[in-house]
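S.K.: This is what each chain is made of:
There are 2 protein chains.
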Amino acid sequence: MKPVRSAACLAVGSELLGESALDSNSLAVTRLLLRHGVVVSEKRVVGDDEGLIATAVSELLERCDLVVVTGGLGPTVDDLTRRAVARALGRQIRSDALVEGWVHERYASLGRKMPEVCRSMAEVVEETRPLRNLTGSAPGIYAEVGEAILVALPGVPHEMEPMLERELVPELRRRAGGLLGAHRTLLLGGVMESEVEGRIRPLWDRLGRESLTILASPGVVRVVLKVVTGGGDASGRLDEMEREFRDVLGDDVAGVDVGGLQEVVVGSLTSRGETLAVAESCTGGLLGASITDVPGASVVFHGGVVCYSNRAKESMVGVPGDLIERHGAVSEPVARALASGVRVRFGADYGVGITGIAGPGGGTPEKPVGLVHWAVAGPGGVEHRQKVFGGGRAAVRTWSVNAALDLLRRTLVACEGGGTGGAAR
Amino acid sequence: MKPVRSAACLAVGSELLGESALDSNSLAVTRLLLRHGVVVSEKRVVGDDEGLIATAVSELLERCDLVVVTGGLGPTVDDLTRRAVARALGRQIRSDALVEGWVHERYASLGRKMPEVCRSMAEVVEETRPLRNLTGSAPGIYAEVGEAILVALPGVPHEMEPMLERELVPELRRRAGGLLGAHRTLLLGGVMESEVEGRIRPLWDRLGRESLTILASPGVVRVVLKVVTGGGDASGRLDEMEREFRDVLGDDVAGVDVGGLQEVVVGSLTSRGETLAVAESCTGGLLGASITDVPGASVVFHGGVVCYSNRAKESMVGVPGDLIERHGAVSEPVARALASGVRVRFGADYGVGITGIAGPGGGTPEKPVGLVHWAVAGPGGVEHRQKVFGGGRAAVRTWSVNAALDLLRRTLVACEGGGTGGAAR
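Residue numbers (the numbering used here), protein chains in the order written: chain A, 23 to 447; chain B, 23 to 447.
The shape of chain A in the complex, shown without the other chains (with noise of 0.2 angstroms):
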């Protein structure tokens, strides 16, 4: 079997065609797969109609060596997964005593008995693998097709992420000879994609097109490397484009395979004992949002103030109001008393500070639209940084929030003494 290299996604549900709702587990997917060299070439969403999926199904497996399906597994009659994929493989369906078992064993552990219509996920596709679940109910899916490999998993996240895991790494390595993994995902905070371009062009060249992908969003740029070789040394020839990179890009570089700053800031952070508050005006609580994304922020985050009002500015954070009057809300003096005030207040280490203008209205011809200012209190003293953002309200506030972020993994790292960002490694 030749190792997996390309993957899609195919995520199931009604509820992720509507207005609301997006496929988030394929970015745990995609992160998973990454980690092991497998890039996602595709994603799908279709709703709960077995004909859908099925065809789905056909399609991806013609054109990638993986097909993750995640959702549609259930007892209900919307759950339509295990019959798509017997459609698609052309393979009949038969209750499994096995499976059956561990249905039963999953209720009786939440000390419940098996409800009579969850009988239908004791069904198993003929010639496929049943998955079990050890954190929810219904199994999954693993089937070999030619040289492909299909993998269908529950919806719900925390089911979905350990089967993964279990189920599928292993085969990953084994048919990449052992090999860990050929990607290394260098996270780049406060550049622009076009920079970011321009600086490793010369090495982008030189290594070839195939060997690196730049992933840009809002206030983050990523940089994937990529063995396309594979072979024992894949890990060696990794450190070695990294090195190459980092004298490239330097203190740009704010961490490896991390999910975000947010994660680099707090994992920082918790390994010097120091603590932080935040004040968010334009973000509206997004920056608070973001570090307690990260599970066991609590060790290190004392909290924020949404200073929404100029009032709560003054009476929350305690910024003088005559300063709002003089240079007004969104300014740099502002951003900077934010970011003292706050850290004064919650009696942390670090405070940031950010006020701006996400628009659609409130912008002037002096203060545009996109116009923010942010800053960090630190030990050290307070730095500030503005800029126009662009792309509409929600941009204009992620940006915010991984600019600030970005702001404080800096000036945590000229703490250090002018390290290179490897400790977020």
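Some hints here could point you the wrong way.
Since the list can't tell identical chains apart, any single copy or any two copies may satisfy a pair.
Computed cross-link-like contacts, BS3-like style, restricted to lysine-lysine with a CA-CA straight-line distance of at most 30 angstroms [as the list claims (entries may be wrong)]:
| hint | residue 1 | residue 2 |
| --- | --- | --- |
| 1 | K389 | K409 |
| 2 | K389 | K24 |
| 3 | K24 | K135 |
| 4 | K409 | K24 |
| 5 | K409 | K135 |
| 6 | K389 | K135 |
It should be emphasised that the hints constitute simulated quantities derived from the structure, not laboratory data.
With chain A held as given, fit chain B onto it using these hints.
M.R.: Same frame as chain A, but now just chain B:
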């Protein structure tokens, strides 16, 4: 031409296949289409690869009445949507003086000269209609392929959305025979999907499967009412259906054709001239971020405190230390004190408090992971609720935010004198 009924979204861009970004454009597209009676039946994401984009376009055009492509229309070598559309339709590309004029004008309006690289954006696919971009530089594509419509738009939300509204909606209306919309979405808060299903089962059986769709996400359920046959009285028919569902669902209906509970709450507070402040622990800022996601929220939202640490709960919101000691930070008395305290500190009409255990760690047998207490303090007193939510850290946090918004919404409705939520319409 028959009315457009089914649509697919195709997002183009390798950055959407990484570990962090999702195709959020599809949500805006879905929202607009649902308003005009069109259901999205499939979503796809492919990278910057001409062949893969072309294949996806061809496959989707065979299956759907409408295909909306976003992204890949910019000027760089990675922007391949124009060429892929030409390939999928079997048509040629030529440069177009009119379209080049648009791009020149756009740059001129920004006081800049058009960079040479942007000349590629003036290329058009033969026998398609180029779409002018008034908020950016990349033009779009409109093509009729048999009875189907293909629209390709830039991936930048504030460019894509107005173009879709301006260029596609008139055609949707024309094909629907002047019908403004044959869908209406009831937003329900504070209910479980399974429970809603049970209550509306008789209506569902009587009206037929195709007349409604239920979309569930953590903390909200959407019931989409559909008039399947077109015609001038669709609106009257929807009014009638809405009445029938409201008779069954009562106060659980939070709003109609709204984006989320935060929109209902901000709208309700705005019309009453009242204000809000929030104190959140386990949600870490997500409640504030959700509220301030609504443009214009600043009129009613003073701000909030993210009190992750116990010390912050005491010093920033005034929760008595002995209350935390006696009952624990995750408890009814602390949730009540958070809501009352933040109301007083910010001088707001209403205060919301949330405290819980989002996990994965921190649970105990008496207080398991997922346990959340929330409370709303207002002129009429303090209301409290609690629940154990499942689904992992992210789901628990989203559930908590929506549960708190829903309690606030119900409190506001109750103060009005027990309305049925119709005011949020």
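S.K.: Determine for every hint whether it applies to the structure shown.
M.R.: Here's how the hints hold up against the structure:
1. K389 <-> K409: within (11 angstroms within a copy, 45 angstroms between copies)
2. K389 <-> K24: neither (57 angstroms within a copy, 48 angstroms between copies)
3. K24 <-> K135: Neither. Shortest intra-copy (44 angstroms) and inter-copy (51 angstroms) distances fail the 30 angstroms Cα cut-off.
4. K409 <-> K24: neither (48 angstroms within a copy, 49 angstroms between copies)
5. K409 <-> K135: between (59 angstroms within a copy, 22 angstroms between copies)
6. K389 <-> K135: For K389 and K135, the Cα distance is within 30 angstroms only across copies (24 angstroms; inside one copy 63 angstroms).
In summary, the numbered hints that this structure violates are 2, 3, 4.
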